[in-house]
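With the hints as constraints, model all of the structure from the sequences given.
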Amino acid sequence: MRSARRGRLLANAVLAVALCRGVPAAGAGEVTELRDGAARDLTIGRCVICHSVEYIPSNAPAMNRAGWQKTIQKMRERFGAPITDAEAQQILDYLDANYSGKS
Amino acid sequence: MLTRRALMLTAAGAWLPAAGARALAAGDVDAVTLGTLPGKRPLIQRAFRPPNFETPLADLAAPFTANDAFFVRYHLAVIPDVDPESWRLNIGGPSARHPLSVSLAELKRGFAHVQLAALNQCSGNRRGLFSPRVPGVQWGSGAMGNALWTGVRLRDVLQRVGVAGDALEVVFSGADSAVLPQTPNFVKSLPLERALDASTLLAFAMNGEPLPHWNGAPVRLVVPGWTGTYWMKHLTEIRITPTAFDGFWMKSAYRVPTGAFPGARFASQETPETTPITEILVNSLIIAPREGERLRPGRPAAVVGKAWDGGAGIAAVEVSTDGRRSWRPAVLGTDLGRYAWREFRLPLDTSRPGALAIAVRARSRNGAVQPDALTFNPSGYHDNIVQTVSVEVA
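Taken in order, these protein sequences are the chains called A and B.
If you're matching positions, the first sequence starts at 1 in the working numbering and goes up one per residue.
If you're matching positions, the second sequence starts at 1 in the working numbering and goes up one per residue.
I should point out that these hints are in silico values taken from the structure, not numbers from a laboratory.
Keep in mind that this is a model prediction, so the values were computed, not measured.
One should not assume that every hint holds.
[To be verified] Sample of chain B residues at the chain A side, in silico, Cβ under 10 Å:
| no. | residue |
| --- | --- |
| 1 | Gln45 |
| 2 | Leu76 |
| 3 | Phe130 |
| 4 | Val134 |
| 5 | Gly298 |
| 6 | Ala355 |
[Unchecked claim] Covered stretches of chain A (chain B as the covering partner; in silico rule of three or more C-beta atoms under 8 Å from a C-beta of chain B):
| no. | stretch |
| --- | --- |
| 7 | 50-58 |
| 8 | 61-69 |
| 9 | 72-82 |
By construction, the Cβ of each residue, glycine as well, lies at the ideal position given by its N, Cα and C atoms.
Structure (structure tokens):
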């Protein structure tokens with residue numbers, strides 16, 4: 001019931017509902033629009049299992065590549081985020097390219 | 001799995017973007033967005049899920065922060081609606097002599113009621129103002145509020161249960177939980193002596209009303225003088241233990257460098273490197289005038305705000321308008337209790353046009369004074385440095 005797979009499906013369902021209703025504004029609801037880039041959808045898909053992605057732009061000013069790496073590692077190892085090594089690399093590249101030191 | 005509440009939240013967020021989200025002109029941290037949670041007025045939305053909503057400056061002006069304006073802070077996204085009729089609180093653990101399970105009615109009937117005014121301040125309040133910036137919820141100054149709490153003393157409940165001689169900590173769990181089973185649930189402990197302090201309450205009412213859902217209904221822990229992380233919401237279980245609780249939220253989170261800050265020590269959780277954050281440091285907030293406000297020459301104006309500490313009480317608040325060279329004492333408002341914030345007020349001299357930088361520093365009855373420089377720590381806690389608000393008389 002509370003499997004990672006089910007969590008992912010639900011998260012995607014939530015995302016779909018929010019997108020259908022057209023909620024682009026930061027903070028207006030479940031989803032914040034993230035910058036275009038490779039692995040953007042993967043990043044959203046994995047992060048929203050547990051939390052809205054507002055945390056990404058809001059934390060950008062505090063972040064660099066090492067900071068994002070540490071965060072992804074924390075989410076995987078401490079919080080059990082279902083992210084493979086290959087996915088973690090893609091997510092890191094996406095976050096670093098788009099949200100390191102930028103809000 | 002998602003609860004009914006989570007789905008309702010999603011729906012509410014999806015339905016309310018136009019009314020529920022607008023930019024605040026004079027925000028605390030960069031651009032801010034207002035968002036609406038069911039039962040709350042629009043608050044500064046730091047994160048939607050799990051909900052982290054901050055009280056706007058204007059709503060911090062009242063002596064007691066309104067329940068529907070009170071800040072909301074969660075780590076984990078599964079937040080059930082707890083039915084107060086079927087809710088039970090289980091008190092036990094290896095160092096409990098006679099474990100007990102009580103309903104809300106039994107809790108209210110079985111123990112003396114206590115009312116106490118206390119400030120609840122998130123450990124990370126003002127993290128968004130940290131320099132250099134640190135990761136985490138980027139709070140401005142509104143992750144705090146003052147309320148009149150009604151409840152029973154945790155001490156009375158623990159004494160009814162019977163505390164064994166080997167007891168070391170008291171561990172608290174709530175009904176809210178993580179989305180993934182492998183994520184550590186939010187569980188916190190207190191040193192036994194803090195749990196037995198007469199001010200530590202199991203609160204069921206806030207400002208005369210039942211606790212709002214988002215602030216821990218039906219019963220939350222109130223730990224006056226200690227930061228919000230210990231004020232466990234939606235309490236379900238209390239365990240008296242002979243060992244130091246080693247969960248993630250004690251061992252790895254909410255920690256500061258050992259010896260870096262004053263305040264109570266949490267010896268059973270301390271290492272040579274880090275120690276749990278404990279007491280709130282002496283601090284103040286300027287509510288008026290606002291940053292960048294224009295004051296009319298010759299018109300009456302005053303600097304107004306709140307000052308607080310970890311429970312010693314506020315001895316004085318001083319105001320400087322000359323670059324912190326000289327300080328004048330502000331007039332303190334009604335004393336609501338040593339764990340509450342204290343209003344301060346001082347008329348401003350608006351006779352001469354020009355820029356005015358207003359600095360405020362509070363002094364605790366224990367002698368502590370707000371510092372000028374930040375003590376950096378990686379989690380961005382304890383920002384209690386002297387604030388300055390710049391206005392123009394023109």
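We went through each hint and held it up to the structure:
1. Gln45: Holds, about 4 Å.
2. Leu76: 8 Å, holds
3. Phe130: Result: holds, 8 Å to nearest chain A Cβ.
4. Val134: Since chain A brings a Cβ to about 5 Å from Val134 (chain B), closer than 10 Å, the hint holds.
5. Gly298: 41 Å, violated
6. Ala355: It is violated, given that the least Cβ distance between Ala355 (chain B) and chain A is near 27 Å, above 10 Å.
7. 50-58: holds (count 6)
8. 61-69: With 4 residues closer than 8 Å to chain B, the stretch 61-69 of chain A meets the three-residue bar; holds.
9. 72-82: holds (count 5)
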